[in-house]
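Turn these sequences into a full structure, and let the hints steer you where they fit.
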Amino acid sequence: MQVYLDNNRLTQVDPQVLGAMEPFLKEPYGDLHALHARGASSRKEFLKALEKLYAGLHAPEESDIFFSSGTAENHSTLLMGIYSGLILTGRKNNLIISERSDAAMMEGAGFLESQGCKVHKLPVTKEGIVDPESLYDYLTPRTALVSVPMVDPESGAINPVEEIAEICRRYEVPFHTDATHALGKIPIDVQAFDPDLLSFGGEAIHAPAGIGAVYLKDSFEWMPTIFGARNPWERYRGGPLNLAGAVGLGKAIELASDALEFEMEDTRDLRDRLEEELRTLPGVTPLVAWALRVPNTVLFAVEGLESELMLYELDRGGVEAYACTVQPFGNWQRRPVTDALGLDPRLKHSTVGFALSRFTTEEEIDHTIKTFKEMLEYLRSFSTFKELSYEQK
Amino acid sequence: MSKSETLRNPFWEDFRFKVQMLIERPKNKGVLSEEEAQQLQADLALHDYGRPEEGMQLRWYWAIDRENGRVVACRYTLFGPPVLLAIADMAALLVRNKTLEEIEKINYKSLEYFLRDNPVDPALPPERRFALTFVLRSLASAVAAQRGERPEASPLVCECAGIDKATVEAVIRDFDLQSVEEITDYTRAGAFCKECIAPGLSQKPREYTLSDLLKATRQEMEEERSTQSSVPEKPFKEMSLDEKRAAITAVIDRYIRDMLVMDGGDMEILDVKENGEHTDLYIRYLGACSGCASASTGTLFAIEGILKQKLDPNLRVLPL
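Protein chains in written order, with numbering that gives the first Met the number 0: chain A, 0 to 392; chain B, 0 to 319.
The hints are simulated quantities; they were obtained by calculation from the structure and are not laboratory data. Some hints could be false.
Said to hold, decoys possible - Looking from chain B toward chain A, a few residues come up when the C-beta cut is under 7 Å (computed):
(1) K26
(2) K28
(3) G29
(4) E33
(5) P51
(6) G54
(7) Q56
(8) T76
(9) G79
(10) P80
(11) P81
(12) Y254
As the list claims (entries may be wrong) - Only pairs whose alpha carbons sit at most 25 Å apart, straight line, appear in this in silico PhoX-like list of lysine-lysine:
(13) B:K203 to A:K117
(14) A:K372 to B:K26
(15) B:K193 to A:K117
(16) B:K203 to A:K120
(17) B:K214 to B:K164
(18) B:K193 to A:K125
(19) B:K28 to A:K369
(20) B:K104 to B:K17
(21) B:K309 to B:K233
(22) B:K17 to B:K97
(23) A:K51 to A:K216
(24) A:K51 to A:K25
(25) B:K307 to B:K236
(26) B:K108 to B:K97
(27) A:K25 to A:K47
(28) B:K233 to B:K307
(29) B:K28 to B:K97
(30) B:K193 to A:K120
(31) B:K26 to B:K104
(32) B:K164 to B:K236
(33) A:K372 to B:K28
(34) B:K108 to B:K26
(35) B:K193 to B:K108
(36) B:K108 to B:K17
Said to hold, decoys possible - With the Cβ distance kept under 7 Å, some of the chain B side facing chain A (calculated, not the full set):
(37) E52
(38) R58
(39) F78
Cβ atoms here follow ideal geometry from the backbone N, Cα and C, with glycine treated the same way.
This is how it looks when you write it as structure tokens:
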């Protein structure tokens, strides 16, 4: 049995999404800018997809949504736009991001820093989330942007973006949030918390990777960095669009928001079963409080076992999981999540996480529990763990 | 980057067969108890190296024979990535039946050679070499601890991986490293928070950074090289008998002796004689090599082959 529990990185494409995309992959289709029947039918499908995005996010009438190629492009374009529009002109010189933003945001911020912009990284508290109060320490009249992801893809912690958005609104600073890992897991209503920008990629909601979108509040001035717009839909990002991907993303959002309630209920039950079973094992601790986490994710710290070795053994048993700290190929953050949560530094290299999706079944979870227990017993038979303390249990 | 570089895959699925086999079926893992050591009439020695917060830890269990001082049984427990498991298992196999002096002679080249599937392909992708140097350091540290030596403390350069200045300098020298990335490949220093790579990357000022150390050590190496009395750069044929002897000794020390020591043997040079256009080298096998069936066939051909390739095709090796 092969169990895929790495759904915070990439999800399988939903068969219904694939069905919606199929005509654009198999049959000839027209460009959005073309003056013929095929162009017209493409435009029709494209506008339908766009409408689904508006509906899925509950975006208001006076707002913009456009398609992009995903999270990395969204963040890079956003930062480069901020740089050329606000920082180069000397209007603003200050940027606030979360210390656990994704790699594109971190690297982009690093570039801005090298160009003389001041970048503040909001620390994550012991709960694993950004404290909205900490914003006051860094906000200045010259802050160009605040960016905090809605959900941390590794620990699954849900950041209080409503409160952060509220503070930003009060100080008239644009607020951006990355909803990639929140879509389809928690309800998102942009009218309720009113961010200036919201962006996401399709890879985490059963759409293909390589397609994403950005929501812009009416007042936000977006500077494109990919040129070549030929029609109004391409004004924020040039180029012939990945039409199949866009249609797929529209369908995926529709499915995710329609079925959010009951599907996430099922996923949560399965995740809880996994969590309850594993947390009773000695030296295995789930990180981030249950109530602060998205329903599909659980991250464990396992005393005495190294992440990569655990992943290797789990993989041999047919369970595909993830870890926060796998070197040299992982995405190592300056401060690993275990440190942020105030755990023993010995657990830094000992995390293993499971991210479920709506396709995860009960049998798969049973298999995961069995494999995890076997893995734990086998690896601890020759781990230096024996001499560590069992005190916690 | 070249095509072969771009197409290279450093992940698990492209690990070599032997390394994969060692990860999946390690034979020497586990604990050695006091009773087991007693049964072997040996003393149990425990040695810890590394810390979990640095990503790797090895604990050696050596049963050391009371009479001849050989490690008669060797086991380990560990905390670390799969590749460390493979290397530690191979190292445990090599340590067995060796004295501390012989364990000391296990070096990067020999350990890596034993992990290879075939003599030409390297056993590990560059990104994974850190585990090999870690195991070697743990062996050296265990030997030192057995002798009651306390190595001089060296200031830490990379706190995340627990790498000190002496280690960084040693890898730069041993492997003739040219870049900081290579230091990271060999030690994992600079792989995590990256603050130790160059000055200015960290909030607080640092005493040592990898790029500074690289520059300083390379400069020292250059100076040493220029002051060293160089061996005459002439063809083997034109050398005097003494020079020939020196050249042969150098080749044996560099390429051959480790191979023999690994199997518990050794060799010595008795004489070098000129015989017409041939040069005859008389040797004597020592330790496990003397009396070994392969000493007059495979091993001999290997020794002769290496010498012929490195020095002169008209060289003959005659074991006595």
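Each hint, compared with the structure:
1. K26: Cβ of K26 (chain B) sits 11 Å from chain A, so the hint is violated.
2. K28: Given a least distance of 4 Å, the restraint on K28 (chain B) holds.
3. G29: 5 Å, holds
4. E33: 15 Å, violated
5. P51: 4 Å, holds
6. G54: 5 Å, holds
7. Q56: 5 Å, holds
8. T76: 5 Å, holds
9. G79: 5 Å, holds
10. P80: This interface hint holds because 4 Å falls under the 7 Å limit.
11. P81: 5 Å, holds
12. Y254: 31 Å, violated
13. B:K203 to A:K117: Cα-Cα ~17 Å, so holds.
14. A:K372 to B:K26: OK: K372 (chain A) and K26 (chain B) at ~22 Å, within 25 Å.
15. B:K193 to A:K117: 20 Å, holds
16. B:K203 to A:K120: 17 Å, holds
17. B:K214 to B:K164: 13 Å, holds
18. B:K193 to A:K125: Answer holds: K193 (chain B) to K125 (chain A) is near 24 Å, not above 25 Å.
19. B:K28 to A:K369: Holds, because 23 Å separates the two Cα atoms, which is no more than 25 Å.
20. B:K104 to B:K17: 23 Å, holds
21. B:K309 to B:K233: 13 Å, holds
22. B:K17 to B:K97: Distance ~23 Å between K17 (chain B) and K97 (chain B) Cα, so the pair holds.
23. A:K51 to A:K216: 17 Å, holds
24. A:K51 to A:K25: Satisfied, since the Cα-Cα distance of roughly 23 Å is no more than 25 Å.
25. B:K307 to B:K236: 12 Å, holds
26. B:K108 to B:K97: 18 Å, holds
27. A:K25 to A:K47: Roughly 20 Å separates the two Cα atoms, so the pair holds.
28. B:K233 to B:K307: Roughly 16 Å between the alpha carbons, so the hint for K233 (chain B) and K307 (chain B) holds.
29. B:K28 to B:K97: 18 Å, holds
30. B:K193 to A:K120: 17 Å, holds
31. B:K26 to B:K104: Judged against 25 Å, a Cα distance of about 23 Å means the pair holds.
32. B:K164 to B:K236: 44 Å, violated
33. A:K372 to B:K28: It holds: about 19 Å lies between the C-alpha atoms, which stays within 25 Å.
34. B:K108 to B:K26: 22 Å, holds
35. B:K193 to B:K108: Judged against 25 Å, a Cα distance of about 28 Å means the pair is violated.
36. B:K108 to B:K17: 16 Å, holds
37. E52: Result: holds, 4 Å to nearest chain A Cβ.
38. R58: Check passed: Cβ of R58 (chain B) comes within 5 Å of chain A, closer than 7 Å.
39. F78: 5 Å, holds
In this structure, the earlier hints numbered 1, 4, 12, 32, 35 are contradicted, and the remaining ones agree with it.
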